[in-house]
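Asker: If you want the building blocks of each chain, they are given just below.
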Amino acid sequence: MFKRIYVFSASLRIWHWINFITIMILFFTGLYIGTPYFTTSVGYEATYTYDKNLTMGFTRFLHFAAGYVLLFSFLFRIYIAFFRKGNRMFIPKFWTIEYWQGIKETIQEYLFIKEHRPMIRNPLARTAYFIVYLMIFFMIATGFGMYGLSDPDGFWASVFGWIVWSLGGEFEAHYWHHIVAWLIILFFVLHVYFVSREDFTHKNGEVSSMFNGVKFFKKEPVDINDVK
Amino acid sequence: METFWEVFKRHGVSRRDFIKFATTITGLMGLAPSMVPQVVKAMETKPRVPVIWIHGLECTCCSESFIRSATPLASDVVLTMISLEYDDTLSAAAGEAIEKHREKIMKEYWGNYILAVEGNPPLGEDGMYCIIGGRPFVEILKESAEGAKAIIAWGSCASWGCVQAAKPNPTNAVSIDKVITDKPIIKVPGCPPIAEVMTGVIMYMVLFDRIPPLDSQGRPKMFYGNRIHDTCYRRSFFNAGQFVEQFDDEGAKKGWCLYKVGCRGPTTYNSCGNLRWYNGLSYPIQSGHGCIGCAENNFWDNGPFYERIGGIPVPGIESKADKVGAVAAAAAAGGAILHGIATKVRKSANKEEE
Amino acid sequence: MKRVVVDPVTRIEGHLRIEIMVDEETGRVKDAVSCGTMWRGIELIVRNRDPRDVWAFTQRICGVCTSIHALASLRAVEDALGITIPKNANYIRNIMYGSLQVHDHVVHFYHLHALDWVSPVEALKADPVQTAALANVILEKYGVLNEFMPDFLGRRAYPKKFPKATPGYFREFQKKIKKLVESGQLGIFAAHWWDHPDYQMLPPEVHLLAVAHYLNMLDVQRELFIPQVIFGGKNPHPHYIVGGVNCSISMDDMNAPVNMERLAVVEDSIYTQVESTDLFYIPDILAIADIYLNKHNWFYGGGLSKKRVIGYGDYPDEPYTGITNGDYHKKLLWRSNGVVEDFYKGVDKAKFYNLEGKDFADPEQIQEFVAHSWYKYPDENKGLHPWDGITEPNYTGPKEGTKTHWKYLDEEGKYSWIKAPRWRGRPCEVGPLARYIIVYTKVKQGHIKPTWVEELIVNQIDTVSKLLGLPPEKWLPTTVGRTIARALEAQMAAHANLYWMKKLYDNLRAGDLSVANMEKWDPSTWPKEAKGIGLTEAPRGSLGHWVIIKDGKVDNYQCVVPTTWNGSPKDPQGQHGAFEECMMDTVVKVPEKPLEVLRGIHSFDPCLACSTHLYNEKGEEIANVRVQGACI
Ligand code: HEM
Ligand code: SF4
Ligand code: SF4
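Chains as they are written, first to last, in this note's numbering: chain W, 599 to 826; chain H, 17 to 370; chain S, 7 to 638.
None of these hints come from the bench; they were simulated from the model. Hints should not be assumed to be uniformly reliable.
[Said to hold, decoys possible] With a cut-off of at most 20 Å between alpha-carbon atoms, the simulated DMTMM-like pairs for lysine to aspartate or glutamate come out as follows: (1) H/25 <-> S/188; (2) S/559 <-> S/535; (3) H/270 <-> S/259; (4) S/8 <-> H/112; (5) H/25 <-> S/178; (6) S/409 <-> H/22; (7) S/595 <-> H/22; (8) H/183 <-> S/56; (9) H/339 <-> S/528; (10) S/185 <-> H/22; (11) H/116 <-> S/56; (12) H/339 <-> W/770; (13) S/181 <-> H/92; (14) H/363 <-> W/770; (15) H/360 <-> W/797; (16) S/413 <-> H/155; (17) S/409 <-> H/142.
The shape of chain W in the complex, shown without the other chains (with noise of 0.2 Å):
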């Protein structure tokens, strides 16, 4: 019989897809400002872009409110992590024998060597989740920094404007801010096949469980106690 785990409490769920929601209009917006290919010469007057909502402006502020989202389901993320043990899965513990030990098989299964022992989740996805909050930490801060710079002495420039200079600059800035929107959109990739990779070898459930939030397992999970 399948063991039912619940994994991921209705919080994090949630947050999880507005998360996928705000990523999506942010690349797609981001895109769009640094290459805008709706309008051209011969397109509409200023006037009517305006009513067609394919402005540079328009598309902007949707990028900026997208950003505001993003700010603050970030920092409910956060705090959802001080009260449920399930909700801080995304630490790689490194520091433990059974980190690395699951990375190995975890690698092993992937060669197609031998399927990995049950688990909540494996050490390769914790490391990859934490690696994506820092991403996202990074575009909010560069994304604020960048906004907030139209007032040097406004709030945002005060709280992210340090990272613009220290990036070398407002190009720069930029330059970073774009690529690692590129990185997270290879993370989202990866990130569906695995997941549902993961759910077919395995049966567990996993696809399913960020709506329903529980996993199944035949045997006890070796981090169970990330939940428990």
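Dock chains H and S with the ligands against the given chain W, drawing on the hints supplied.
Answerer: Same frame as chain W, but now just chains H and S with the ligands:
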């Protein structure tokens, strides 16, 4: 030393005109009208400041820009506001006479003169890519900085390194703040800086006897507080999504936004958009060319100038980031599919075995 | 013998050191060594970059003659890629170029050179009434050139910039100078050799007049560059694009970079250029020259210009298809291309060699040597054509002193950061003087049928000869002649700008608004490998850029700049450049204050890197003249 008011009187300026002048420049410096009395007071009490202006590796465009200033006119600055005691480009005297004079001024006004540096020191070959009097420029720079009250870094050369510090930086040229670390340095970047920005900085320092408020990068806030993009008169076309696609196309004739032909306005801090060049006459964007970011650190290496964001930081790959990103995402998806098929095949094989 | 050091020499672009050995009895400069002491490596920095960006990099070679290295670079890249720019772009580039010529020459004379001739201290002795009278006489007498100066637009109701010539004005002026001198804070006038006897050669009234114009022109010079600010967005360092210019023209769109109002601003500035040269610059320089030549017999400093001068030609009247293919030189209005030898013997006896198109690609004609420069070549006895040029620094230090504290340079070995360009292995002088000598010789000897520009130049020279009462071969190849030629050239350029403006208007009226040829903008349209040459006549002399483009990137880039020609160190044959020859040709009155040598060096308008070694007749080194500067 004389006060400003005395200098003006000496030049036959009436008290009324003097107050008028003070009011004008108060506005010019972005100060509230309530500051006028303070400005007047400053002008009545502060003496003319000696300036020593030295040149390292540079192209002298900063000096050239300086003399293009219309308000105030360079002649007025040089002969009535400051005392330009040493300058390779304008000083009449030469040789030992001018060098001795520099030493004399340094001694006489120790702690009171302003050092203006145009260009930068190369550190390669022990500094011998730039030699003055048989000595490396970097030595002259350190020596002259010692007794200075404050140091002005003219242009992108002194502020950031500029063209000679672009890759591969054959002479190992560095900005002056890499060499002088114990003095206030006012960075006035630009290649060259706008003339009125240069004279404005000098005027502020002379009038208030302190350095202008600086941003975190050491640049005067009143001239480098905003991006060109935030003050650009073509910004409404940017917001509307009306772009020049290629030089001299319809959009170019209509004066649309130059974003897509590589404008660096969104990433450049300078007064081109508001003050503009030549007392408001024009600026590169107004003439139809994107900003090349000449007031920014590293702008030479952030090319090519006609593309917004260049390649990705992997040597050997020169495509634009979006292209590489799309290819990488597609490759990842493809890889995932292949891996997925392999997984499935394996799994069914395993099942059969069982 | 007395050894004198002047270091740094000011009022030039960069730094300068001179050490000269003077025979105290005759005042003759017996020997000198000079050395270019700045190197930035821009030729190396532009490698592997997008050729469409390179104009901006090379433009930063010099901020005084700003825009000229951009122009040379654009021409080189367009030559390589086979781009013909539209007519409007050609006229606009010519206007931007002409504005540089006027500005650079005016600033050179008044702000870098004038204080070699005049002194604010002497100005105090002048009588304002007589100064006013003198100003009128000068305008009347030397203003005769204006009579044949063409005005292609005829839109100035009356001259707006006119020299003020009332006693009251000069009295006020004198008062200000007096107060300045009395204040003790002399600023830029501090510490100079104002007691030098040469400052007595001119009457005090000329000093007062010239000092007044020094300050007048300091305020006016900015206006001379307005065309670059309109078309290129800023100055110094205006913007261009490969394939034309960026300033699209439209009479239909309110926000166009160039519309009627913008053109009017340019036109107004061009008239300011005309007035500044016609009414200030030319009369002032001729008044001073007349006194120096005719009253004091001061014919020094001709040097190399007597023996050999070189020019490349400029002012394409209409767009050309290429430089290497010879079309550029066919379209020129100002064919100063060629070499003239022995002009001092008289224009009939001078020898002329043509130089055009393919000659600049010929590996045997123009070469650079590094035997005495701090660079490495595989075989340093041989010169290299710029396309094969190598820029590999190789600093060897001085002969005496330490690496970082020189005493004497090693004139037998390497001693300069400048290479030595040579034409068929021989040194040449470049600059306005060279160009004027070449055009004059070509026209007088009948090698070319003159264009209006060339006719104007001949006319200018003949008129000045008449005014001075001297034949051209006597006054032209001298320090004074070099300074006059520069003024004449500025005047020509100002009037030529009216011509370009007219052509621009005519073409716009004909309905052609195009300013850029974008066919070859995309690197995918370029050949895998291409070579190009960009030529122009920079204010200080002939300038060439040689580029090789491979796979869409710059593979090799070499600039041969005017001051490299003039200030070059010795070549392997021991032949000297123009600076050396000029100094050898000069006599100084006060050895420890060699104002005359300064004046000679300044007459070239040295731009940074320059380098000279001087030797006495027996070839023994006696003293050093070190010219230190920066260029590339
Ligand atoms: C995962 C999240 C995000 C993604 C994928 C993303 C993507 C992008 C991309 C691709 C660009 C174009 C960069 C360029 O070429 O200059 C961009 C620009 C920008 N983004 Fe984001 N972004 C994200 C989050 C944020 C956040 C949280 C903010 C904060 C408000 C933000 C603010 C900006 C700003 C200010 C710009 C520059 C807009 C401009 O220059 O007009 N971004 N973004
Ligand atoms: S900052 Fe740039 S422009 Fe100014 S001197 Fe330096 S090279 Fe020239
Ligand atoms: S032209 Fe440049 S600075 Fe102006 S709005 Fe467009 S991108 Fe911004």
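Asker: Next step is simple, just say for each hint if it's right about the structure.
Answerer: Each hint tested on the structure:
1. H/25 <-> S/188: holds (15 Å)
2. S/559 <-> S/535: Status holds; Cα separation ~9 Å.
3. H/270 <-> S/259: Since the Cα atoms of residue 270 of chain H and residue 259 of chain S sit roughly 5 Å apart, the hinted pair holds (cutoff 20 Å).
4. S/8 <-> H/112: Holds, at roughly 16 Å.
5. H/25 <-> S/178: This hinted pair holds, its Cα atoms lying about 14 Å apart.
6. S/409 <-> H/22: violated (49 Å)
7. S/595 <-> H/22: Cα-Cα ~41 Å, so violated.
8. H/183 <-> S/56: holds (14 Å)
9. H/339 <-> S/528: Answer holds: residue 339 of chain H to residue 528 of chain S is near 17 Å, not above 20 Å.
10. S/185 <-> H/22: holds (12 Å)
11. H/116 <-> S/56: Distance of about 46 Å is beyond 20 Å: violated.
12. H/339 <-> W/770: With Cα atoms ~19 Å apart, residue 339 of chain H and residue 770 of chain W stay inside 20 Å; holds.
13. S/181 <-> H/92: holds (16 Å)
14. H/363 <-> W/770: Roughly 47 Å separates the two Cα atoms, so the pair is violated.
15. H/360 <-> W/797: holds (12 Å)
16. S/413 <-> H/155: holds (16 Å)
17. S/409 <-> H/142: holds (8 Å)
The structure is inconsistent with the numbered hints 6, 7, 11, 14, although it conforms to all the rest.
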